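Chains as they are written, first to last, in the numbering used here: chain Y, 1 to 333; chain X, 1 to 333; chain G, 1 to 333.
Since the hints were made in silico from the structure, they are not lab data.
Computed from a predicted model, the values in this text were never measured in an experiment.
Glycine residues also receive a C-beta, built at the ideal position from the N, C-alpha and C atoms.
Check each hint, because a few of them may be wrong.
As the list claims (entries may be wrong) - Distance windows between CB atoms, simulated:
#, chain 1, residue 1, chain 2, residue 2, range
1, X, Met1, Y, Val94, 53 to 61 Å
2, X, Asn18, G, Ile93, 52 to 60 Å
3, Y, Asp278, G, Asp85, 35 to 43 Å
4, G, Ser291, Y, Pro293, 36 to 44 Å
5, X, Ile97, Y, Lys20, 49 to 57 Å
6, Y, Asp278, X, Ile93, 50 to 58 Å
7, Y, Pro293, G, Arg307, 22 to 30 Å
8, G, Ile97, X, Lys92, 19 to 27 Å
9, G, Pro19, X, Glu184, 52 to 60 Å
10, Y, Asp278, G, Ile103, 51 to 59 Å
11, Y, Glu305, X, Glu184, 19 to 27 Å
12, X, Pro19, G, Asp278, 43 to 51 Å
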Amino acid sequence: MASLRELADLTGGKVVGNPKLEINGVSEIQSGRSGTITFLSNPKYKKYVNNTAASAIITADKSVLTHFDGVLVDNPQLAFANVLDFFQDKPKIVWGIHQSATISDNTNISENVSIGPNCVIEDGVRIKENTVIGANTVLGRNVVVGTNCTLHSNIHVYHSCTIGNSCIIFSGTVIGSDGFGYVELDGIHHKTPQTGSVIIGDNVDIGANCSIDRGTIGDTFIGSGSKLDNLVHIAHNVKTGKGCLFAACVGIAGSVEIGDYCIFAGQSGVVPHVKIGDRAIFAARSGATKSLPGGKVYAGMPAREIREQNKKDAVLHEIDILKKRISKIENDA
Amino acid sequence: MASLRELADLTGGKVVGNPKLEINGVSEIQSGRSGTITFLSNPKYKKYVNNTAASAIITADKSVLTHFDGVLVDNPQLAFANVLDFFQDKPKIVWGIHQSATISDNTNISENVSIGPNCVIEDGVRIKENTVIGANTVLGRNVVVGTNCTLHSNIHVYHSCTIGNSCIIFSGTVIGSDGFGYVELDGIHHKTPQTGSVIIGDNVDIGANCSIDRGTIGDTFIGSGSKLDNLVHIAHNVKTGKGCLFAACVGIAGSVEIGDYCIFAGQSGVVPHVKIGDRAIFAARSGATKSLPGGKVYAGMPAREIREQNKKDAVLHEIDILKKRISKIENDA
Amino acid sequence: MASLRELADLTGGKVVGNPKLEINGVSEIQSGRSGTITFLSNPKYKKYVNNTAASAIITADKSVLTHFDGVLVDNPQLAFANVLDFFQDKPKIVWGIHQSATISDNTNISENVSIGPNCVIEDGVRIKENTVIGANTVLGRNVVVGTNCTLHSNIHVYHSCTIGNSCIIFSGTVIGSDGFGYVELDGIHHKTPQTGSVIIGDNVDIGANCSIDRGTIGDTFIGSGSKLDNLVHIAHNVKTGKGCLFAACVGIAGSVEIGDYCIFAGQSGVVPHVKIGDRAIFAARSGATKSLPGGKVYAGMPAREIREQNKKDAVLHEIDILKKRISKIENDA
Numbered sequence: 001m002a003s004l005r006e007l008a009d010l011t012g013g014k015v016v017g018n019p020k021l022e023i024n025g026v027s028e029i030q031s032g033r034s035g036t037i038t039f040l041s042n043p044k045y046k047k048y049v050n051n052t053a054a055s056a057i058i059t060a061d062k063s064v065l066t067h068f069d070g071v072l073v074d075n076p077q078l079a080f081a082n083v084l085d086f087f088q089d090k091p092k093i094v095w096g097i098h099q100s101a102t103i104s105d106n107t108n109i110s111e112n113v114s115i116g117p118n119c120v121i122e123d124g125v126r127i128k129e130n131t132v133i134g135a136n137t138v139l140g141r142n143v144v145v146g147t148n149c150t151l152h153s154n155i156h157v158y159h160s161c162t163i164g165n166s167c168i169i170f171s172g173t174v175i176g177s178d179g180f181g182y183v184e185l186d187g188i189h190h191k192t193p194q195t196g197s198v199i200i201g202d203n204v205d206i207g208a209n210c211s212i213d214r215g216t217i218g219d220t221f222i223g224s225g226s227k228l229d230n231l232v233h234i235a236h237n238v239k240t241g242k243g244c245l246f247a248a249c250v251g252i253a254g255s256v257e258i259g260d261y262c263i264f265a266g267q268s269g270v271v272p273h274v275k276i277g278d279r280a281i282f283a284a285r286s287g288a289t290k291s292l293p294g295g296k297v298y299a300g301m302p303a304r305e306i307r308e309q310n311k312k313d314a315v316l317h318e319i320d321i322l323k324k325r326i327s328k329i330e331n332d333a
Numbered sequence: 001m002a003s004l005r006e007l008a009d010l011t012g013g014k015v016v017g018n019p020k021l022e023i024n025g026v027s028e029i030q031s032g033r034s035g036t037i038t039f040l041s042n043p044k045y046k047k048y049v050n051n052t053a054a055s056a057i058i059t060a061d062k063s064v065l066t067h068f069d070g071v072l073v074d075n076p077q078l079a080f081a082n083v084l085d086f087f088q089d090k091p092k093i094v095w096g097i098h099q100s101a102t103i104s105d106n107t108n109i110s111e112n113v114s115i116g117p118n119c120v121i122e123d124g125v126r127i128k129e130n131t132v133i134g135a136n137t138v139l140g141r142n143v144v145v146g147t148n149c150t151l152h153s154n155i156h157v158y159h160s161c162t163i164g165n166s167c168i169i170f171s172g173t174v175i176g177s178d179g180f181g182y183v184e185l186d187g188i189h190h191k192t193p194q195t196g197s198v199i200i201g202d203n204v205d206i207g208a209n210c211s212i213d214r215g216t217i218g219d220t221f222i223g224s225g226s227k228l229d230n231l232v233h234i235a236h237n238v239k240t241g242k243g244c245l246f247a248a249c250v251g252i253a254g255s256v257e258i259g260d261y262c263i264f265a266g267q268s269g270v271v272p273h274v275k276i277g278d279r280a281i282f283a284a285r286s287g288a289t290k291s292l293p294g295g296k297v298y299a300g301m302p303a304r305e306i307r308e309q310n311k312k313d314a315v316l317h318e319i320d321i322l323k324k325r326i327s328k329i330e331n332d333a
Numbered sequence: 001m002a003s004l005r006e007l008a009d010l011t012g013g014k015v016v017g018n019p020k021l022e023i024n025g026v027s028e029i030q031s032g033r034s035g036t037i038t039f040l041s042n043p044k045y046k047k048y049v050n051n052t053a054a055s056a057i058i059t060a061d062k063s064v065l066t067h068f069d070g071v072l073v074d075n076p077q078l079a080f081a082n083v084l085d086f087f088q089d090k091p092k093i094v095w096g097i098h099q100s101a102t103i104s105d106n107t108n109i110s111e112n113v114s115i116g117p118n119c120v121i122e123d124g125v126r127i128k129e130n131t132v133i134g135a136n137t138v139l140g141r142n143v144v145v146g147t148n149c150t151l152h153s154n155i156h157v158y159h160s161c162t163i164g165n166s167c168i169i170f171s172g173t174v175i176g177s178d179g180f181g182y183v184e185l186d187g188i189h190h191k192t193p194q195t196g197s198v199i200i201g202d203n204v205d206i207g208a209n210c211s212i213d214r215g216t217i218g219d220t221f222i223g224s225g226s227k228l229d230n231l232v233h234i235a236h237n238v239k240t241g242k243g244c245l246f247a248a249c250v251g252i253a254g255s256v257e258i259g260d261y262c263i264f265a266g267q268s269g270v271v272p273h274v275k276i277g278d279r280a281i282f283a284a285r286s287g288a289t290k291s292l293p294g295g296k297v298y299a300g301m302p303a304r305e306i307r308e309q310n311k312k313d314a315v316l317h318e319i320d321i322l323k324k325r326i327s328k329i330e331n332d333a
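Next up, chain Y with everything else stripped away, as it sits in the complex:
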């Protein structure tokens, strides 16, 4: 429960209407519920304003608030994230090590740490304060996990990998499995030992059932502030910059270097040994097959600048026009 005034203070916004209006939760604008606050950011959803049953609205659009209680903010998405956080049901964390966990003698676990049932914490592991390890998670020899991290359930972080501070890793993810390296001789694929590790920066989120391989010699790096969705694959020796976004089902092949603030939409990918510049954006299902400069939007497979790709998709139509022009010439001749 919070008054509109309190929510305005929380979000750095201005109350429009009744500051004492009591709000008991949040709802989507298209399925708003009385007593809750909703938000409007995408203009596509403005059509729902008049019919929503929500009692208040967070928006940057003054015109909406002429007939509605609400909070006027600069960035409604960010404001709404704060309001969602305020109302969300947060479990009480029980600090301590569950009795069913298997903890090696030679570990260094800070005091305010929670380790769930059936976890396995191997020799030399270091877990820093305020970090939560979910059930059935395995941390291999000499793994380091920073402060304020949450590792969920059924995760395996292999030996010698390092997770920074304030990271979130969702269930089923595997970090530090061997890179895919073989040398073929006489029909036998000989395994190349993978002796590097994985180093993950601060404030990195990794979704469910991802895989991030350790480096062959050097390490695989995930830059601070990067966010990975589910089922993302990052191969050995990849180095990503700061603040990159990887949507679901993306695959980045071995030894790729990615700049800062790149965005990879769903099911996109990059072939091995290429370099992607800062702030490159890859559309869904695009595939970079060579090094590409930053600051541009790419689409298609092989990935091209999106304008060129769209032109390619228009070829079918052009062919039909050309056929008609040729027929006309032939008939006129």
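Start from chain Y and add chains X and G according to the hints.
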């Protein structure tokens, strides 16, 4: 062991040949074994009929049974599914909670339930009768699992998610992890709290290592009777209709609405915030980049109606013809 | 620590320079460290030779060793794999069964076997000598695991599946889940029982979070010497030949037959019921939509021989030229 008569009764078919013939199992037509029954549905496999060592055959094709014992049925695939079920080796379920499971005090677990080793069942969980939970599976706070479900091993269902009745979830799948939502401000990706949940209907099967994210505000819905293969990703706030099929490696992005009885072949996908009509079919690797009406077959990326897509693939050939026609005109001039 | 002489003996190479030079590890050529040995195979990296701080180099290129200590070998990649193996930090394996594992009475576990915490080993399982099973791994009824295998953590091998000798399976992988088979009748998808199993040959490596489905009637086969990267999906009744390579995120649909020594690059795939010949190579993101002969390189979706595919990609350029030629004819007329 069953007689042909018994298998005919089981499948609602008619014996052709010796009703007392004893059958001890099933085999594929191309590698049939004496004493077993096989089946023929796809005409592509009819060539194997004369050489199969199987002792009997289930088919809708009368001509096959002129020289073969067998069972004549309307739907050989369905009949064969029943026969496979009859012969399959079913483990005896041991009801009860394994001593190594960690069960919170405040749970509501019906009597005929099996909970495997090392499971973690958190506060407020409800598990209904005749449901089996495999080893190392974690059910978060307030999860509800219906009757007659089988959840296999190393699964994590996050807090407050609901699984309907008669669902099967294969190992490694993660349900209810956070949706991929961030608000960027000054180079920082601020996490949007994901406060909704996942609601799965009845008779839903979900393959191995899938991920289904919880909704941001409202819930993610998987419609009753839908079936998901392995490594399928369903993002936050997706709503699917009844009886949809999602083959392996499909990715459905956030807030997509999918009608009833849609089919997504392997590695296909849909971009965020679009709507797919009832009974739309997407070919392998196709990608819907906008809302598309139902009742049609789509292919390609961006997905087009399959006829148009095939025409696009034929463009290469047309170009060669056009080049020749232009050269002829130029030479004639 | 090893002398250059010892490393030359290990790799079957020839010392060039000081045979007593002491080497304490390995490094990449572009970030070489004093005291270590590096290697040069890909000519693209030759530019780093003059500036690397590494103390010695393994190469097949004599000219590099005129001003550098090193080892001259025929196959520098293979030699380097051996050197990496020599220097890599190998954990001491503790043989025996962890007290927290749940082992059925009716199993056959050889003496030199290691079974990690919280493993579940069901009835009838056979594990042969020198095999290591990581934490939280589940082996279903009657599973057989050969000698010298390493199965990592949070793996589920379903009942009756067989793993050959000297296999490595990385964490999170699921083997033997049900194939995706349904028969539709009146809007209901009836599940086809999946009564076959999975048979994995010798020397097969399987990456993290893969899924390999059991066969419907017959079995799913992975040929000896094959290597799978992470997040690979192999559907029911697939049969692969010897020595195949499957890069990350590849999906092979049901009943596909794959010859020996095929290579599938990242995110490629094959539709159901087709046959791929020996030594076929599929480029990244290619998709085989019909049976294709071996010995060729394929690209695109639908997959075509790579030369034809490249020609298709060039069509955009050709169209522009054709437009100009037509305009010229029109203007001349």
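Here's how the hints hold up against the structure:
1. As the Cβ distance of Met1(X) to Val94(Y) is approximately 55 Å, the hint placing it in 53 to 61 Å holds.
2. Look at Asn18(X) against Ile93(G): about 58 Å separates their beta carbons, and that is inside 52 to 60 Å.
3. Hint check: Asp278(Y) to Asp85(G), Cβ distance near 37 Å, so the stated range 35 to 43 Å holds.
4. The beta-carbon spacing between Ser291(G) and Pro293(Y), approximately 40 Å, falls within the hinted interval of 36 to 44 Å.
5. With their beta carbons about 50 Å apart, Ile97(X) and Lys20(Y) fall inside the hinted range of 49 to 57 Å.
6. In this structure the hint that Asp278(Y) and Ile93(X) lie 50 to 58 Å apart at CB holds, the actual value being about 56 Å.
7. Between Pro293(Y) and Arg307(G) the Cβ separation comes to about 28 Å, which falls inside the hinted range of 22 to 30 Å.
8. Distance hint check: the CB atoms of Ile97(G) and Lys92(X) are about 25 Å apart, consistent with the given range 19 to 27 Å.
9. For Pro19(G) paired with Glu184(X), a C-beta distance near 58 Å keeps the hint of 52 to 60 Å intact.
10. In this structure, Asp278(Y) and Ile103(G) meet the distance hint of 51 to 59 Å, their C-beta atoms being roughly 53 Å apart.
11. Distance hint for Glu305(Y) and Glu184(X): a CB-CB separation of about 23 Å, consistent with the stated range 19 to 27 Å.
12. A beta carbon spacing of about 47 Å between Pro19(X) and Asp278(G) agrees with the range 43 to 51 Å that was offered as a hint.
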